[in-house]
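Residue numbers (our numbering), protein chains in the order written: chain A, 1 to 85; chain B, 1 to 373; chain C, 1 to 431.
No wet-lab data here; the hints were simulated from the structure. Treat the hints loosely; a few may be bogus.
[Claimed, not checked] With the C-beta cut set under 7 Å, the calculated list includes, among others, these residues of chain C facing chain B:
1) P78
2) R186
3) P202
4) D206
5) L367
6) P375
7) P402
8) V405
9) E406
10) L408
11) L409
Just so you know, even glycine gets a beta-carbon here, dropped at the ideal spot from N, CA and C.
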Amino acid sequence: MPEEISILVNGRTIMVPAGATVAVAVTMAGDVCRTSVSGEARGVLCGMGICFECRVMINGHDHCRSCQVLCAPGMEVVTGKSGAP
Amino acid sequence: MKRTFDVAIAGGGIVGAACAAECARAGMSVALVERELVGGGATAAGMGHIVVMDDSEAQFALTHFSQRLWQEISAELPPTVESEPTGTIWVAADDDEMAEVQRKHEYYAARGVRTEILDQHSMREAEPNLRLGLAGGLLVLEDAVVYPPCAALYFWKRARDAGATLISGTVAKLEAGSLQLADGTAVAAGVTVNAAGAWAAELTTGVKIRKRKGHLLITDRYPDFVRHQLVELGYLKSAHSVSSDSVAFNVQPRRTGQLLIGSSRQYDNESKSVDHYILQRMLERACSFLPGIGTLSCIRSWTGFRAATPDTLPLIGPWPESPGLFLATGHEGLGITTSLATARLLVDQIAGRPSEIAIQPYLPSRSFMESHA
Amino acid sequence: MKRSFDVLVIGAGPAGVAAALRAAECQRSVGLVDDNPSAGGQIWRGGVAHPNGGTPWLELLRRSSVTPLYGTRVFDQPAPGLLLAEAGETLLELRYQKLVLATGAREMFLPFPGWTLPNVMGAGGLQALVKSGLPIAGKRVVVAGSGPLLLAVAATLRGYGAEIVCVCEQASWRNLATFAARLGWRKLGQAVRLKRELAGVPLYTDCWPLSAAGNNKVERVVVSHRGLHREWACDYLACGFHLVPNTELAALLGCQLEDGFVKTDPCQQTSVADVFCAGEPTGIGGVELALLQGQIAGLCAGGDQSGVVELVAQQKAMRPFVTRLAKAFALRPELKALAKPETLVCRCEDVALACLRECTSWREGKLYTRCGMGPCQGRVCGPATQFILGWHAESVRPPVFPARVESLLAAALNSEMNAATNANTNSGERS
Numbered sequence: 001m002p003e004e005i006s007i008l009v010n011g012r013t014i015m016v017p018a019g020a021t022v023a024v025a026v027t028m029a030g031d032v033c034r035t036s037v038s039g040e041a042r043g044v045l046c047g048m049g050i051c052f053e054c055r056v057m058i059n060g061h062d063h064c065r066s067c068q069v070l071c072a073p074g075m076e077v078v079t080g081k082s083g084a085p
Numbered sequence: 001m002k003r004t005f006d007v008a009i010a011g012g013g014i015v016g017a018a019c020a021a022e023c024a025r026a027g028m029s030v031a032l033v034e035r036e037l038v039g040g041g042a043t044a045a046g047m048g049h050i051v052v053m054d055d056s057e058a059q060f061a062l063t064h065f066s067q068r069l070w071q072e073i074s075a076e077l078p079p080t081v082e083s084e085p086t087g088t089i090w091v092a093a094d095d096d097e098m099a100e101v102q103r104k105h106e107y108y109a110a111r112g113v114r115t116e117i118l119d120q121h122s123m124r125e126a127e128p129n130l131r132l133g134l135a136g137g138l139l140v141l142e143d144a145v146v147y148p149p150c151a152a153l154y155f156w157k158r159a160r161d162a163g164a165t166l167i168s169g170t171v172a173k174l175e176a177g178s179l180q181l182a183d184g185t186a187v188a189a190g191v192t193v194n195a196a197g198a199w200a201a202e203l204t205t206g207v208k209i210r211k212r213k214g215h216l217l218i219t220d221r222y223p224d225f226v227r228h229q230l231v232e233l234g235y236l237k238s239a240h241s242v243s244s245d246s247v248a249f250n251v252q253p254r255r256t257g258q259l260l261i262g263s264s265r266q267y268d269n270e271s272k273s274v275d276h277y278i279l280q281r282m283l284e285r286a287c288s289f290l291p292g293i294g295t296l297s298c299i300r301s302w303t304g305f306r307a308a309t310p311d312t313l314p315l316i317g318p319w320p321e322s323p324g325l326f327l328a329t330g331h332e333g334l335g336i337t338t339s340l341a342t343a344r345l346l347v348d349q350i351a352g353r354p355s356e357i358a359i360q361p362y363l364p365s366r367s368f369m370e371s372h373a
Numbered sequence: 001m002k003r004s005f006d007v008l009v010i011g012a013g014p015a016g017v018a019a020a021l022r023a024a025e026c027q028r029s030v031g032l033v034d035d036n037p038s039a040g041g042q043i044w045r046g047g048v049a050h051p052n053g054g055t056p057w058l059e060l061l062r063r064s065s066v067t068p069l070y071g072t073r074v075f076d077q078p079a080p081g082l083l084l085a086e087a088g089e090t091l092l093e094l095r096y097q098k099l100v101l102a103t104g105a106r107e108m109f110l111p112f113p114g115w116t117l118p119n120v121m122g123a124g125g126l127q128a129l130v131k132s133g134l135p136i137a138g139k140r141v142v143v144a145g146s147g148p149l150l151l152a153v154a155a156t157l158r159g160y161g162a163e164i165v166c167v168c169e170q171a172s173w174r175n176l177a178t179f180a181a182r183l184g185w186r187k188l189g190q191a192v193r194l195k196r197e198l199a200g201v202p203l204y205t206d207c208w209p210l211s212a213a214g215n216n217k218v219e220r221v222v223v224s225h226r227g228l229h230r231e232w233a234c235d236y237l238a239c240g241f242h243l244v245p246n247t248e249l250a251a252l253l254g255c256q257l258e259d260g261f262v263k264t265d266p267c268q269q270t271s272v273a274d275v276f277c278a279g280e281p282t283g284i285g286g287v288e289l290a291l292l293q294g295q296i297a298g299l300c301a302g303g304d305q306s307g308v309v310e311l312v313a314q315q316k317a318m319r320p321f322v323t324r325l326a327k328a329f330a331l332r333p334e335l336k337a338l339a340k341p342e343t344l345v346c347r348c349e350d351v352a353l354a355c356l357r358e359c360t361s362w363r364e365g366k367l368y369t370r371c372g373m374g375p376c377q378g379r380v381c382g383p384a385t386q387f388i389l390g391w392h393a394e395s396v397r398p399p400v401f402p403a404r405v406e407s408l409l410a411a412a413l414n415s416e417m418n419a420a421t422n423a424n425t426n427s428g429e430r431s
């Protein structure tokens, strides 16, 4: 049974299995990753770091590809940025 | 196949496109000949900074006049041109440079250009991400930013709507009275115009134009990180240096929230590839003025070639060795700004009508001081 | 941070792992770089449940002398023999004698109405999330598009408890049957096993998605199947149209490409000295071919050519499979009409097809509409515009992936080239 860790997504505590990526945490939190330049909600597309749709702000750094970042305890994730008008 | 026009323009960058629009507006039949796409070349590679310059009376006259022409059309520009009245802040690092700021302020005030001197405190308010310890700067309120390829395309469409023809092809030979494409097509014209930018000297032997390579970088979107076009006062030293490679701090906020980071100048390097040592110097400069820029995500870098004349002023007017052949080229880093004035002065001379500013400083017939080895 | 290796391998999928192991066997110092948090690439992606990805190669890798450099993304080559990479906040300078590019492939995406809705993902994309811990049990998933990946993904997701509504393959039944008939025993066995794992799941051929719809996320999908429209409710649409090679780094290094793939000689050497390429970037051919090519590249880069001849012969025998695979899953022309004028093609810059149709080339599209100017630099919209409009994307410039300004600048380049040219530069602060 993989252990669980807790991170913050948009201020809410989310429990994810250790080894999960931030993209998983955002999806489990029921949020979308970012807002596109014309205002569309966007989530994960390629899952492997080439499409840039999964970008979120992690610990204050914007434009992070959440599908390639492992969750770490206490991480703070903010969605809805990364290219928003 | 021969075709005849009043004017045939070689080169569809922003200068060529603006000339086509102005000629067509004046009732001339116009052919614009472009080998790749309208708005390519330096137009596609550079920053779209509409800026008034004070390094000489002639440069001031041309940029100021042209800036006014941009303002006259700003309301009709489509959204794709991304016209933004950002203004420019000339950044002063120390008291010597603040003295320069004072001089510029007085120079512009005497000529009707609105500027504001910013001290340390008001600079921080205007641009919170500039480093502490800068002495201040000069805010030039009416400078603006546009997206050049779409501006060129807009000028071309105005030309087309007034009856101009776009001919896709490479000009192999440009003479008074005609130009010939690489595929053999001949285009006859009462007047021909060399608007080929960095390649102008290849079309007209004896034209004193050298390619001046530049680098730019673009970041991802960081809305509000920088609000004005920021240029260091040392920029002019870089632009005027005639032999060595140089970099100068020059950052532009795009409407998209992306930052364009420049600038660099190199002679005698015709390779399109990015030179890492130049990039390094350029970014060091940028980081020294905007310490927070280091953590920004950079998406792409690229190069382009400016058309540089020996005295930093463009060539607008008849080519003395070939009556009927005109030049509209050599704009170095000011092609976007002065495209509209260039078009106006060119058509004035073709049509024999008076110009709003003196044309002598830009005539191709002027003599150059032998200023570089 | 500076590291130096005899052999540097970029990409820790099957080709890269095989190359790294073989080079290490040649008693070379080997570094293995991947931008994912762990090795395995896409097909051997482990995730929370099975860290080993179900293959002994990864266990061998763990026990070898290969230096792992994961979570590391190469973005530039400032001088021959030197690559720059970002790993989190750290900048890495990676020097090498020989380089093996094993950068793999990515899914091809085609635009259609609703494709930008959340929970419409690539097939590999959804699989990656699920392996990484996304709960999928009880969720309805439609799998659509093209390629062997679809069945593999459907089976994997089912294994995690997903309800696979159907698998929709755009290729014709005839093309698939022709392809299956030529499969070797091993691949046929794999196919049969997959079919068993998907017992009860409808598999449709000549079938492709027409639209996805829903309120803020996908809720239903409409497909075209043999002239009829069929609609299903679903929680996820896993949709990818086979694979395109990741050739950007190779292009940046100056490697010659042919028909969009990296050209190599039988030893997997590219047109650039000391640079090898193995796996999907040389031709989409699957795991076994990638393993062969990786081993060849690793041995040649490692300097031990003794075992190579046999591997090269095996590799050569497998090349026809690449052609058969491409033929079987070639995209049918009807897919060009999926996108409507208002359908977004460039997702980074939100550029609709109608705007692109006014342009006549990739460069025009880019300059006039910003298509391809976003962070993905055309990795998603490039293949789509190539298929729909016949455009060819142009030059690759550094950084080949976005990198921080400080990374681009901080590399202290000690090359003679840099020292010599520095002498000619003056900065704006002095007159």
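How the hints compare with the structure:
no.	hint	result
1	P78	4 Å, holds
2	R186	43 Å, violated
3	P202	42 Å, violated
4	D206	39 Å, violated
5	L367	4 Å, holds
6	P375	5 Å, holds
7	P402	5 Å, holds
8	V405	5 Å, holds
9	E406	3 Å, holds
10	L408	6 Å, holds
11	L409	4 Å, holds
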